[in-house]
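Colleague: Make the full structure from the sequences, and use the hints.
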Amino acid sequence: MQSTSSTPMSSSYHILNGDALLDGFPHDTVPGQCLVARECLVVGDVSGEPLSEFWENRARFIGQTYGASREDYYQRVVSEFEQIQAIPAGSEVNLWFEEDLFCQVNLWFCLSILREKASQLKLYIVKPRTLNGQPDWRGFGPMTLQDLAVAYREREAITQSDVELLSQCWQAYKADDREKLRDLGTTYSDTFPNLQTVCEAHLDRFPTEDGAGRPQRVLRDIISEKQTDDFLTIYNEFFQRAGVYGFGDTQVKHLLDTL
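Residues in the sequence shown are numbered from 1 upward in steps of one, following our numbering.
If you're looking for bench data, these hints aren't it; they were derived computationally from the structure. Given the structure is predicted, the values throughout are model-derived calculations rather than measurements. There may be inaccurate statements among the hints.
Derived CB-CB ranges, DEER-like [unchecked claim]:
id : residue 1 : residue 2 : range
1  : Thr191    : Asn132    : 40 to 50 Å
2  : Gly211    : Arg241    : 15 to 25 Å
3  : Glu92     : Gly211    : 39 to 49 Å
4  : Lys122    : Asp210    : 46 to 56 Å
5  : Gly211    : Gly141    : 14 to 24 Å
Built from N, CA and C at the ideal position, the CB exists for glycine as well.
Modeller: So this is what it looks like as structure tokens:
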């Protein structure tokens, strides 16, 4: 596998939320090795202990859902997370994740696999800019190289209590312990003030009395109101109404198929 690192031997690491950010990363002004969290843990099977079983379940789900081979999954995805696990003590680790559910679940997982050595790392969260004080669900997408460099300079420290809180969020999410996740969401963190919003968004995905979760209800409303089956129109409107989920076109298409 070709390394995504910008400086192979570095005590500074950047864990990125996807290849789009890697392609537009300000390497010239922000030094360090880049590793990419190429997963979509917000959907699919997340069962399995130990990690070897977890990876097998994920590879099976990704293969069945998106057509990727097991070999490709291990080469492109698992290898990056193994490098994240292997980050040496004393390193600075910058986690570049957006505020939506898609990114936050991946962030929870990343912190859970760094949990044991977290006290020996300097952990930071790099966030996209806000929009009138609220999360901009477009995330890093519209930001320039200069904007990203500013976001890096304005990064926030992740405390040990944050690591513990978000690692517990991952465990509750993984175990489908909804009451535990609801309780964890009410724990306030200066660094992660939108935690409750994200947890509630996940809990709203589950069917209600009318048999549909929030994402499906939003799609039904869009189709009914817009009287269209044009996917781009539907997707853009879904993003406007439910950007908190951070779903890409693949996830929205899958939701449409379930209606």
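Colleague: Hint by hint, say whether it matches the structure.
Modeller: How the hints compare with the structure:
1. Range check, Thr191 to Asn132: about 20 Å between beta-carbon atoms, so the 40 to 50 Å window is missed.
2. Roughly 20 Å separates the CB atoms of Gly211 and Arg241, a value that falls within the hinted 15 to 25 Å.
3. At roughly 48 Å, the beta carbons of Glu92 and Gly211 sit within the given window of 39 to 49 Å.
4. At roughly 48 Å, the beta carbons of Lys122 and Asp210 sit within the given window of 46 to 56 Å.
5. For the pair Gly211 and Gly141, the supplied restraint of 14 to 24 Å is violated, since their beta-carbon distance comes to about 34 Å.
Violated hints, in rising order: 1, 5; the structure is consistent with all others.
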